[in-house]
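Participant: Following the hints, position chain B against chain A.
Residue numbers (the numbering used here), protein chains in the order written: chain A, 1 to 489; chain B, 1001 to 1048.
Just so you know, not all the hints are guaranteed correct.
Unchecked claim - Straight-line Cα separation of at most 25 Å, BS3-like style, residue types lysine-lysine; simulated pairs:
(1) LYS1031/B - LYS236/A
(2) LYS223/A - LYS258/A
(3) LYS1031/B - LYS233/A
(4) LYS240/A - LYS1031/B
(5) LYS180/A - LYS212/A
To be verified - Sample of chain B residues with no beta-carbon within 10 Å of chain A, all distances over it, derived:
(6) ILE1015
(7) PHE1040
(8) LEU1041
(9) ARG1042
(10) ILE1043
In short, the hints are calculated from the structure, not lab data.
For each residue, glycine too, the CB sits at the ideal point set by N, CA and C.
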Amino acid sequence: MSTPTETSSREASRLEPGSFRDPESRVFYAEGGVYRTLSQQGLEDFELLAASKLFERFTAAGRLVATQLLDKSGDLPEGLVKASAGVLRHERIPFVSYAYEWPFSMLKDAALLQLDLTLAALEEDMILKDSTPYNVQFKGSAPVFVDIGSFERYREGEPWVGYRQFCMLYLYPLLLQAVKEVSYHPFLRGAIDGIEPAQMRGLMSGRDRLRKGHYLHVFLHAKLEQRHGDRGKEVKAEVKQAGFKKELIVANVRRLRKLVERLEWNPPQDAWVEYGECNSYTSDDARHKDELLHEVCVSQPWELTWDLGANNGRYSRIAARGSRSVIAVDADQGPTELLYRKLRQEGDEQILTLTMNLADPSPGLGWRGLERKALPERGSPDLVLALALIHHLSIAANVPVKEFVDWLASLDTSLVIEFPTREDPMVEKLVAPKREGLPPDYERESFERVLARAFDVERRERLESGTRLLYFARPKGTGSPIDLTAPEG
Amino acid sequence: MDLLAYLDPGSGSMILQILAGGLAAVAVVAKLYWGRLLAFLRIRKPED
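Next comes chain A alone, as it looks inside the complex (with noise of 0.2 Å):
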């Protein structure tokens, strides 16, 4: 399991610390690329799916990560060709994610990857030796598979050994979404293997029994688990016995490729309503900050721009004119979902969709905290967008206004930052329902002071509202600063 990604090329070669589990090959950071290494077996793995046509047909359709077998005797990054009897360099993705940052169709989409390379492998006699939303990475909207270290030859008589995670990490979570309408980040997120299947079962009803494929995968799944749990070595040996072969694994596949694809999951009405045309803004204001976001975002070339509450995507798409990459991230997962679906409707390769919530964002997991990183250390952003953010982690999540600020400052980024007044609309709507009112620290004064002492503020304006202003500030020591105590320009 790998992440073809990398931050930074500063280290000669540094291993990526979520690849240890397969011990046939493992992942590299060198010089700004992506490298892995691999065993003999691995090598010899690696030269079969080479010579395939799958390898060639699913990587020129940009499903497979480009990849190359170099030489050996060639100019390698330090520390690769020791103890290894081949090195791959990959293509790089610019931003990694996971699985439980992700809305439906975004899993959806990785999942019946999984599943055609599966076919597709099976064909010409390989398999995949895992089935993990984690081998799939997003270039934008297109789904890529990353995990070159995952086909090797289909040996005869051997089950689908993928299958039991595909269950857990693919069809459950999907199933739980599109079935019983419950979001399945958290159960992604609190467990790096996924929902067991006997979990499954006991979060669905027995009527689901009869909806089309669940008795087989979720219901006997469990049962056959909980029965025969102790028995692997008799099993093995059984199933071995009894003659087991390669069509079965493909009609299993075909199968569950139908159930997967129809599969479907769609927002409740107000995310629609609220994807159409966002919040309180008049057409003045919705002109005047498209026009300044348009300056900045095309005002020099920027590498990766994170739009923070991005919610349908206007500014990601304001920002995708003069970022490389953008990610879009967004607490709900009813925006991300439509926008994900636009994009890829479009084809889109710049624009990352994530569902996350900034005031929980996603932590280190797995083994040590490291083989899923938290968001900062997947790449730094040299611009972030927080519009009309600022008042939803103050007023709803209690964030203290300096300590978001301070974090943004941590980033080293230039920022876009929205601030809505204590008279906004919105800021009222949120402040309704709060005993307390407004938190004293939610104040315009105060948030300048702020923010001038983390950044260099070059603008703020003031939308025709009157409620919101906008700011463009760049990393402290860097920029011209204006003085934010003179009345405004």
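Facilitator: Same frame as chain A, now just chain B:
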């Protein structure tokens, strides 16, 4: 031939895969349960 996978396929999951094989699986299922019957009647050792 042994399973060399680094992942545990799960005993229940292996049996399920036979049952999920549809038409292709009929003969295999029959053989699986025939083997179990023979083992039950002590005609064949279960781990042969």
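Participant: Which numbered hints are broken by the structure, listed smallest first?
Facilitator: Number 6 - this is the single hint that the structure violates.
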